[in-house]
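*Asks:* Note that the protein sequences, when read in sequence, are chains P, V and D.
The first sequence maps to residues 2 to 307 in the working numbering.
The second sequence maps to residues 2 to 307 in the working numbering.
The third sequence maps to residues 2 to 307 in the working numbering.
Some clues are possibly wrong.
Same chains, same names: a pair is fine if it fits in one copy or spans any two.
Unchecked claim - Distance condition first, Cα-Cα at most 20 Å in a straight line; then the derived SDA-like pairs of lysine to any residue:
no.	residue 1	residue 2
1	K32	E42
2	K281	D222
3	K305	Y33
4	K32	D101
5	K182	I198
6	K281	D271
7	K32	D97
8	K305	T22
9	K305	R37
10	K32	T121
11	K281	I119
12	K281	G90
13	K305	E26
14	K182	M201
15	K114	N16
16	K182	S207
17	K182	R147
18	K32	T22
Don't read these hints as lab results, they were simulated from the structure.
Here's the letter readout for the chains.
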Amino acid sequence: MGWLNRDVISALDFNREDLVTLFNEAREMEKYARSRLNILEGKIMATAFFEPSTRTRLSFEAAMIRLGGHVLGFGSVEASSMAKGESLGDTIRMLDSYSDIIVIRHSLEGAAKYAAEIATVPVINAGDGTQNHPTQAMLDAYTIWREFERIDGLTIGVLGDLRYARVVVSLIQLLSNFNVKLRLISPELLRPRRELIDFMNSRGMSYSMHSNLSEVLSELDVLYVVRIQRERFPDPVEYERVRGSFRVTPETLAGARDTLIVLHPLPRVDEVDHRLDSTKYARYFRQSALGIPLRMALLKLILKGE
Amino acid sequence: MGWLNRDVISALDFNREDLVTLFNEAREMEKYARSRLNILEGKIMATAFFEPSTRTRLSFEAAMIRLGGHVLGFGSVEASSMAKGESLGDTIRMLDSYSDIIVIRHSLEGAAKYAAEIATVPVINAGDGTQNHPTQAMLDAYTIWREFERIDGLTIGVLGDLRYARVVVSLIQLLSNFNVKLRLISPELLRPRRELIDFMNSRGMSYSMHSNLSEVLSELDVLYVVRIQRERFPDPVEYERVRGSFRVTPETLAGARDTLIVLHPLPRVDEVDHRLDSTKYARYFRQSALGIPLRMALLKLILKGE
Amino acid sequence: MGWLNRDVISALDFNREDLVTLFNEAREMEKYARSRLNILEGKIMATAFFEPSTRTRLSFEAAMIRLGGHVLGFGSVEASSMAKGESLGDTIRMLDSYSDIIVIRHSLEGAAKYAAEIATVPVINAGDGTQNHPTQAMLDAYTIWREFERIDGLTIGVLGDLRYARVVVSLIQLLSNFNVKLRLISPELLRPRRELIDFMNSRGMSYSMHSNLSEVLSELDVLYVVRIQRERFPDPVEYERVRGSFRVTPETLAGARDTLIVLHPLPRVDEVDHRLDSTKYARYFRQSALGIPLRMALLKLILKGE
Chain P
2 MGWLNRDVIS ALDFNREDLV TLFNEAREME KYARSRLNIL EGKIMATAFF EPSTRTRLSF
62 EAAMIRLGGH VLGFGSVEAS SMAKGESLGD TIRMLDSYSD IIVIRHSLEG AAKYAAEIAT
122 VPVINAGDGT QNHPTQAMLD AYTIWREFER IDGLTIGVLG DLRYARVVVS LIQLLSNFNV
182 KLRLISPELL RPRRELIDFM NSRGMSYSMH SNLSEVLSEL DVLYVVRIQR ERFPDPVEYE
242 RVRGSFRVTP ETLAGARDTL IVLHPLPRVD EVDHRLDSTK YARYFRQSAL GIPLRMALLK
302 LILKGE
Chain V
2 MGWLNRDVIS ALDFNREDLV TLFNEAREME KYARSRLNIL EGKIMATAFF EPSTRTRLSF
62 EAAMIRLGGH VLGFGSVEAS SMAKGESLGD TIRMLDSYSD IIVIRHSLEG AAKYAAEIAT
122 VPVINAGDGT QNHPTQAMLD AYTIWREFER IDGLTIGVLG DLRYARVVVS LIQLLSNFNV
182 KLRLISPELL RPRRELIDFM NSRGMSYSMH SNLSEVLSEL DVLYVVRIQR ERFPDPVEYE
242 RVRGSFRVTP ETLAGARDTL IVLHPLPRVD EVDHRLDSTK YARYFRQSAL GIPLRMALLK
302 LILKGE
Chain D
2 MGWLNRDVIS ALDFNREDLV TLFNEAREME KYARSRLNIL EGKIMATAFF EPSTRTRLSF
62 EAAMIRLGGH VLGFGSVEAS SMAKGESLGD TIRMLDSYSD IIVIRHSLEG AAKYAAEIAT
122 VPVINAGDGT QNHPTQAMLD AYTIWREFER IDGLTIGVLG DLRYARVVVS LIQLLSNFNV
182 KLRLISPELL RPRRELIDFM NSRGMSYSMH SNLSEVLSEL DVLYVVRIQR ERFPDPVEYE
242 RVRGSFRVTP ETLAGARDTL IVLHPLPRVD EVDHRLDSTK YARYFRQSAL GIPLRMALLK
302 LILKGE
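Next comes chain P alone, as it looks inside the complex:
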């Protein structure tokens, strides 16, 4: 199954070959991420953001513009006024007739899949529900691949909210295509869901679960941090305690490998200390910047083929 006209709904839909094709294309696109490649001239990308997301939305827009294409759409504010009446299906049918590709973000699980069933043009899931954010996961995996020139053989720690952070599920699904060791570090309350554990088992992934970064720090090649949100904790005191012990600082990284890289999907609040920015470990800004070539590659593969 090639990339042309393909929907991007779940990380599960992509195998190792798909990803290698994508990563090679993204590497090629890095040449143009600061200039312009006029291959999508006249194509329109519709952004249907029912939830706010400045970062993901703007990186898709920048990618489309760098490829010579055009953007229209709406953000969460217009969406909330629309939400009073029109069904998602009717909205998607409208965008389907106005554009060549639809990028959707929605708070409801399955919204992107439903949109793809209705639309005749390709649909990209820019995050829906709490379990899917495939293009962020592609970007994350691509960053690792660019840093190490491989993914196989790496030990990857994922730290923070492993239960509700939508990118975690997508990232682990993607990484199942590679031979990695996962170290899953979270408060008890935010351990991965049963479904994700079943998935890792069914794919024979190597993983272990931990309550403290210090237990595994010295073996990590990658530390992927996600935010812990206040609203997950009934007790604010408990939240403050947990948040404190899951912050990543220069001090908590004492004992890490010299070659450790720290990633974060951004935006961050304070779960990664700003003092880390100037250390050798910080790669989250590069990761963010790679969002442009990665999404250029996605748009190019889907709209023009390989």
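Fit chains V and D to the known structure of chain P by using the hints.
*Replies:* Just chains V and D now, with coordinates in the frame of chain P:
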């Protein structure tokens, strides 16, 4: 009077010849509604939406982009912050110096006309007050023309709120250029205003008014449905009763001609049952999609001429 | 120091030679302000508006589009949702990797300077804090230069809130590069700050302060009006009194030179009477329109050089 540099303020300003020119141009534009025709390269369309309207705004934007042009402007949110101070005239003067054509939506009757008096560039009314939405009416008439290859001789039912739905007035004004029979179906409270009845009489239009769709269903070629809004009814119980009896469903269409088409300007809430979508009658999605070529034709005729 | 890749943070950073280069370039750009000059094809301008500003934002957007470039970004609504969490630095780093130039507006003093320190691409201050709005001041000075073919030798009145209106400081800083007489007219409460007076003294500028326009009207070549905001006055009665005596009307201009021009950065509320619009004095609409060629010149000089 040709189309070049013309304002589009009221449906009354357009005669049969204007409309035929527009429809023929729109039909030509259908070829490019999914690709690109670079005839407005470098032209800027300003969207001044003082009221929200995702659908109308996006279809104008898509049309402009398909023609090679560019878009800037603001939506209702920015407008509401502007509304604290600046006069409409000053805002229009600003847009006039920033763009080549202005598309305006406003809650006040006459806002578009006032804008056109101030601006040196052409102004298009994308809906103002409760009596004018000429480009929606053009799109509606174009859809009928495309479906039947003519408008003359058709019997057209208009069902719902015939008093406050701005598109109804514009549509009937446009249809006065053709030889049609109108069947106006509405609750007592939402019958057409005196001015509209006077207009139909003065043009010698053939029309009749009804309280039930069933009275006229079997003779209809077109059924045009508009929403009945809750806020029109002082009594919520009365609203629920009326709404129920003016919903269009597969059942209420029993006895219709095989060739009946159902139109709706969208968005709909539940006045057209979703089960109708897959029937032979439903044309509202095609109608919505034709908004692109119709608005491409408008922009082309106004900015480049015939 | 040339213009290429330069940040525009404070009016103080620009000397007479810089301004003459800018004005000459803007004059050249007037030829293209209604058409298109494809010299920034493929370049992306990011607009980071943390405070609302329809006029400034749209004029930058129109300028970029007229030069063949592209725009992405966010307005104050998205910004307010972002503000809950992400630091300004992280937001700027994101835009830095998505664009070729960043235009920022922010309520905090120094925000633009901070952004410029972080970004690798040029940053333009579209207004921050209460003391800086350099591109508006450039536009204002350019309008004077275009009207009189010079700035030296003119007597320029500045009337209204001279304490909190951010453009006043920037304008006086720019005018210090020319040989002008300043007449500063304001209520006691809104006289210029100590720092601005010290600045004028240090540059040996000729200025005087007044409480009534009538004291200086007959000698003015230019009358620059800025709004007096209600929130500056603890006492609403005092505000109404002051506002009344600082409104500019055809009557208050009795006794002015025939060649007097009245400028205003817009938007205005009622501090310049609408009846003035049709008099020979009004130049604020031309001033607004010149925002396009002036900002085209800025973008061209910074992104392409002289």
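*Asks:* Against this structure, judge whether each hint is valid.
*Replies:* Results of checking the hints against the structure:
For the identical chains of this complex, K32 and E42 are neighbours both inside a copy (18 Å) and across copies (17 Å), given an alpha-carbon limit of 20 Å. Proximity of K281 to D222 under the C-alpha cut-off of 20 Å is restricted to the intra-copy arrangement: shortest distance 13 Å within a copy versus 60 Å between copies. Taking the closest pair of Cα atoms, K305 and Y33 come within 20 Å of each other both inside a single copy (16 Å) and across two copies (18 Å). In this homomeric assembly, K32 and D101 come within 20 Å of each other (Cα to Cα) only across copies, at 15 Å, whereas the closest approach inside a single copy is 25 Å.
Taking identical chains as interchangeable, the C-alpha atoms of K182 and I198 lie at most 20 Å apart only when both belong to the same chain, with a minimum of 14 Å there against 66 Å between chains. When the C-alpha separation of K281 and D271 is checked against a cutoff of 20 Å, the pair qualifies only within one copy, where the shortest distance is 19 Å, while the shortest distance between copies is 57 Å. Taking identical chains as interchangeable, the C-alpha atoms of K32 and D97 lie at most 20 Å apart only when they sit on different chains, with a minimum of 17 Å there against 31 Å within one chain. Taking identical chains as interchangeable, the C-alpha atoms of K305 and T22 lie at most 20 Å apart only when both belong to the same chain, with a minimum of 14 Å there against 36 Å between chains.
For the identical chains of this complex, K305 and R37 are neighbours both inside a copy (16 Å) and across copies (16 Å), given an alpha-carbon limit of 20 Å. In this assembly of identical chains, K32 and T121 lie within 20 Å of each other by CA distance solely across copies; the values are 18 Å between and 32 Å within a copy. For the identical chains of this complex, K281 and I119 are inter-copy neighbours only, at 18 Å across copies versus 47 Å inside a copy, given an alpha-carbon limit of 20 Å. Within a single copy, K281 and G90 get their C-alpha atoms only as close as 47 Å, which misses the 20 Å cut-off; across copies the closest is 19 Å, which meets it.
Taking CA atoms no more than 20 Å apart as the test, K305 paired with E26 passes inside one copy only; the shortest distance there is 12 Å, against 30 Å between copies. For a Cα distance limit of 20 Å, the shortest separation of K182 from M201 inside one copy, 11 Å, qualifies, whereas the shortest one across copies, 67 Å, does not. With identical chains, the CA atoms of K114 and N16 are at most 20 Å apart within one copy only, with a shortest distance of 18 Å there and 46 Å across copies. Proximity of K182 to S207 under the C-alpha cut-off of 20 Å is restricted to the intra-copy arrangement: shortest distance 5 Å within a copy versus 74 Å between copies.
In this assembly of identical chains, K182 and R147 lie within 20 Å of each other by CA distance solely inside one copy; the values are 18 Å within and 61 Å between copies. For the homomeric pair K32 and T22, the shortest alpha-carbon distance inside one copy (17 Å) is at most 20 Å, but the shortest distance between copies (34 Å) is not.
Every hint, counting from the list given before, is met by this structure.
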